[in-house]
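Quick mapping for you: the protein sequence lines, in order, are chains G and U.
If you use full-length UniProt numbering, the first sequence corresponds to residues 1 to 480, in order.
If you use full-length UniProt numbering, the second sequence corresponds to residues 1 to 480, in order.
There's no promise every hint is true.
These stretches of chain U come out as covered by chain G in the derived footprint (C-beta under 8 Å, 3 or more residues) [stated by the list, open to error]:
(1) 274 to 282
(2) 448 to 456
Examples of chain G residues lying across from chain U (beta carbon under 10 Å, computed) [to be verified]:
(3) 352
(4) 410
(5) 451
Taking CB as the label site, the calculated pair distances span [claimed, not checked]:
(6) 8/G with 423/U: 31 to 39 Å
(7) 399/U with 130/G: 38 to 46 Å
(8) 238/U with 455/G: 54 to 62 Å
(9) 206/U with 455/G: 36 to 44 Å
(10) 206/G with 401/U: 47 to 55 Å
Treat the hints as calculated values from the structure; they're not laboratory data.
In this text, a Cβ means the ideal position worked out from N, Cα and C, and glycines have one as well.
There are 2 protein chains.
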Amino acid sequence: MNSPVPAAEYDVIVIGGGPAGENAAAYAIANSDRTAAIVERELVGGECSYWACIPSKALLRPGHLLAAARHMPGITADGLDVEAVLRRRDEFVHDHDDSSQVAWARDNRIDVVRGTGRLAGERLVEVDGRLLRAGHAVVVATGTGANIPDTPGLRDALPWTSRDATNLHEVPDRVLIVGGGVVASEAATWLAALGARVIVSVRGDALLGAVEPFARERVAEGLMAAGVDVRFGVAPVRVSRPDVADTGEGRIHGGPVTVELRDKTGTSVVEVDEIVVAAGRTPATADLGLAAVGLPDGYIEVDDRLGARGVPGDWLYAVGDVNHRVALTHMGKYQGRVCGDVIAARAEGRPIDGPRFAASADHAQVPQVVFTAPEVAAVGLSEEAARRAGYAVDTVELDIAVAGSSLARDDYAGHAKLVIDTATDTLLGATFVGPEVGEQLHAATIAIVGAVPLATLWHAVPAFPAVSEFWLRLLEARRG
Amino acid sequence: MNSPVPAAEYDVIVIGGGPAGENAAAYAIANSDRTAAIVERELVGGECSYWACIPSKALLRPGHLLAAARHMPGITADGLDVEAVLRRRDEFVHDHDDSSQVAWARDNRIDVVRGTGRLAGERLVEVDGRLLRAGHAVVVATGTGANIPDTPGLRDALPWTSRDATNLHEVPDRVLIVGGGVVASEAATWLAALGARVIVSVRGDALLGAVEPFARERVAEGLMAAGVDVRFGVAPVRVSRPDVADTGEGRIHGGPVTVELRDKTGTSVVEVDEIVVAAGRTPATADLGLAAVGLPDGYIEVDDRLGARGVPGDWLYAVGDVNHRVALTHMGKYQGRVCGDVIAARAEGRPIDGPRFAASADHAQVPQVVFTAPEVAAVGLSEEAARRAGYAVDTVELDIAVAGSSLARDDYAGHAKLVIDTATDTLLGATFVGPEVGEQLHAATIAIVGAVPLATLWHAVPAFPAVSEFWLRLLEARRG
Chain G
1 MNSPVPAAEY DVIVIGGGPA GENAAAYAIA NSDRTAAIVE RELVGGECSY WACIPSKALL
61 RPGHLLAAAR HMPGITADGL DVEAVLRRRD EFVHDHDDSS QVAWARDNRI DVVRGTGRLA
121 GERLVEVDGR LLRAGHAVVV ATGTGANIPD TPGLRDALPW TSRDATNLHE VPDRVLIVGG
181 GVVASEAATW LAALGARVIV SVRGDALLGA VEPFARERVA EGLMAAGVDV RFGVAPVRVS
241 RPDVADTGEG RIHGGPVTVE LRDKTGTSVV EVDEIVVAAG RTPATADLGL AAVGLPDGYI
301 EVDDRLGARG VPGDWLYAVG DVNHRVALTH MGKYQGRVCG DVIAARAEGR PIDGPRFAAS
361 ADHAQVPQVV FTAPEVAAVG LSEEAARRAG YAVDTVELDI AVAGSSLARD DYAGHAKLVI
421 DTATDTLLGA TFVGPEVGEQ LHAATIAIVG AVPLATLWHA VPAFPAVSEF WLRLLEARRG
Chain U
1 MNSPVPAAEY DVIVIGGGPA GENAAAYAIA NSDRTAAIVE RELVGGECSY WACIPSKALL
61 RPGHLLAAAR HMPGITADGL DVEAVLRRRD EFVHDHDDSS QVAWARDNRI DVVRGTGRLA
121 GERLVEVDGR LLRAGHAVVV ATGTGANIPD TPGLRDALPW TSRDATNLHE VPDRVLIVGG
181 GVVASEAATW LAALGARVIV SVRGDALLGA VEPFARERVA EGLMAAGVDV RFGVAPVRVS
241 RPDVADTGEG RIHGGPVTVE LRDKTGTSVV EVDEIVVAAG RTPATADLGL AAVGLPDGYI
301 EVDDRLGARG VPGDWLYAVG DVNHRVALTH MGKYQGRVCG DVIAARAEGR PIDGPRFAAS
361 ADHAQVPQVV FTAPEVAAVG LSEEAARRAG YAVDTVELDI AVAGSSLARD DYAGHAKLVI
421 DTATDTLLGA TFVGPEVGEQ LHAATIAIVG AVPLATLWHA VPAFPAVSEF WLRLLEARRG
């Protein structure tokens, strides 16, 4: 190996320019003359901006809005115009041009270094042969990649991953989605809305494993009502695609795919035009040089300050999906903010013992919205998780059926549940299901993070006639 | 006067069966064998259910949803079909049949007494010659009626009040709305959406006087963009309608109306097909017999337990608009709940010193949504009100321009402002403007009522990509 060119110096080097890494870099150098670089091998903005949250929501929103319009007397609505929806999605992913994100970096005095970053020692990062040295900190924010199971014939069939499904250019007539999590449930929603006949094969007995059971059931019912064939306790065991070709991201990769599915009772065969694999994620650390800093391959374990455990010297951090705390963009960004604040404080010799310097919300105060039809919005602990954690738990739940929901659309159907810590009379968790309940979630997040007692929530009056009146109904039901 | 028949006995008598009165009655007798009666001279369910909140929102929602659909590529939407919208409105007001509300009362063991209730002495209510005696309490919940100014010719022109505008059966081609408050702003919104050419004459220099100035401006801009002619500093000084006839609620009351409008510079004349008066409210106490219990005519002043000031014996209460605390349905219902709890506790000899027994939110924690286009959602104190109250105030504000808002619709435009008490680092007020921001409000209400410090709100992470991400932007902007 030739010796690399002399190292470039930055105070902070972030490997991986997704939202978590961007936040870490910006916060680490804010209001200072520190310097930062983001090393990115694909697009600055990351998975979320180009291949996940943004394109998926751009594909989902028109379908949700159309459904609302169609259930409102006085409006006549046609759609979806698939081409128009895909064009709007293309605009949201900037046709995979990251120049606006690069401009953001420049405006925040962050250099963008193109290439694959690899840890080369303490405070050292190598980017395709070029050495960068960090004055203060290195932050790993490389995220994860789609996991392709070892099912015979599956890899050779060139299945779609989430990236193809969010960036589809052709809507397959018939599609099999393998998986039962958020990606599978949302992809099934938009593919069906865009006209595909969709089968979802779920290994377990429910969609969206971690959420309250009623939410899982309502999402499955919603998919089935949209014509999706949801099969539980089923897994592909053999895949065959004789006519196969990589025609590019989001394009159908050849001829029909034959998939043998097995459940408890036997096997069945389906033929589809594309297969989407949404079967978990793998940390994007294979090329990261973790061994060079004494870490095993895989996810990077961190403490609440986002510092890598087992690495002395307080210089290595990991934020976002790669630390395996919470695989959600907004929590990765949150970690990035906390991490950046920690780096800044340490660089300036300030104490880091305040609440600002701990990603405390990661553990039991995580909000998540699943943009299916109906939507699922959940924050904190499910009843099951709360009981498992040893809390004395009370719950209250009811259908969301208030004046505001009836007015919103004629087919409004929703459900809400609160999980209450009886010892403190505060909320541990909240789960809502229904159209656009994602926008109802932040109230619950504030109540949980703020530890607002239910006796106080009694005086937080929902405006009438808004959908949020269901909060009043929940508190009344709790009172009995 | 003949002596009335022997008095019927109830533990609690409520005069006025709107939402506030219904809540007071239900809470006063809950989980007890106490008895209650609601005295109602019109429809059980009250102004809100038949002539205000419900029909107005039924008229507004289709227009809002149509606008959203029209700004979503991939959807082609026609509308509004006026007949369909009016039919849906009729369903929401149950064609002015209150049997479902009467059934609710029966299910809650509340008798409905038809007629005009009048206070006849301590714990005595006369209903059209029949005497009712209250064992514990009488609650006045008669609300308010529309105020018609003394403008020459105005009464003779049989103008529409809010009742006609919410229950319109014919859409006037040309309509003048007199007033600049919530009723005027909302009526202008739906009348324009249903095809009327609308002029709004506002005496002052802004719509929606009490809200943050930016909210007033955005609502005015929204109306103007919808083709409404909003005129400030203008008042009608003479009205003439030669061909006039009372053709029924929500029907055009005769031929064209000529209205002379005066502003600082002079007078102008407009001709319209109907005139809507939305110029304030008058307490519905004229027939209430307030003198019999030693009270002056007008609004009934109450303390935080909703007890009428100046009436000894703790037996007379007033809830809802008639007590002039907050003229909003949800706050009237809130008062009803508190009042009912107070009555129940006193009846059972329990102490009433807990927070449950005070309508504490009435003073500075009141949420309100104005369902214009854009919507206005506000809770707590405006900056001006906070400064006037002597707080050391900081503010932060910005346009609502996050991924979630861009995804929601292509023309999303919104703005948000927080008013912060610098002494405690908590929120005093929040105001949001934009499409459907009404559903964003409860988060702010919980933060304010819960007195959650901003340092804690930092860990209440909005889910991505929801519109509620603007909370993060506000906190980041505050941090600077």
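Right, here's what the structure says about each hint:
1. 274 to 282: violated (count 0)
2. 448 to 456: holds (count 6)
3. 352: 15 Å, violated
4. 410: 8 Å, holds
5. 451: 8 Å, holds
6. 8/G with 423/U: 31 to 39 Å: Because 47 Å falls outside the window, the suggested range is violated.
7. 399/U with 130/G: 38 to 46 Å: 40 Å, holds
8. 238/U with 455/G: 54 to 62 Å: 56 Å, holds
9. 206/U with 455/G: 36 to 44 Å: 38 Å, holds
10. 206/G with 401/U: 47 to 55 Å: Violated, at about 37 Å.
The structure does not agree with the numbered hints 1, 3, 6 and 10 stated previously, though it agrees with the rest.
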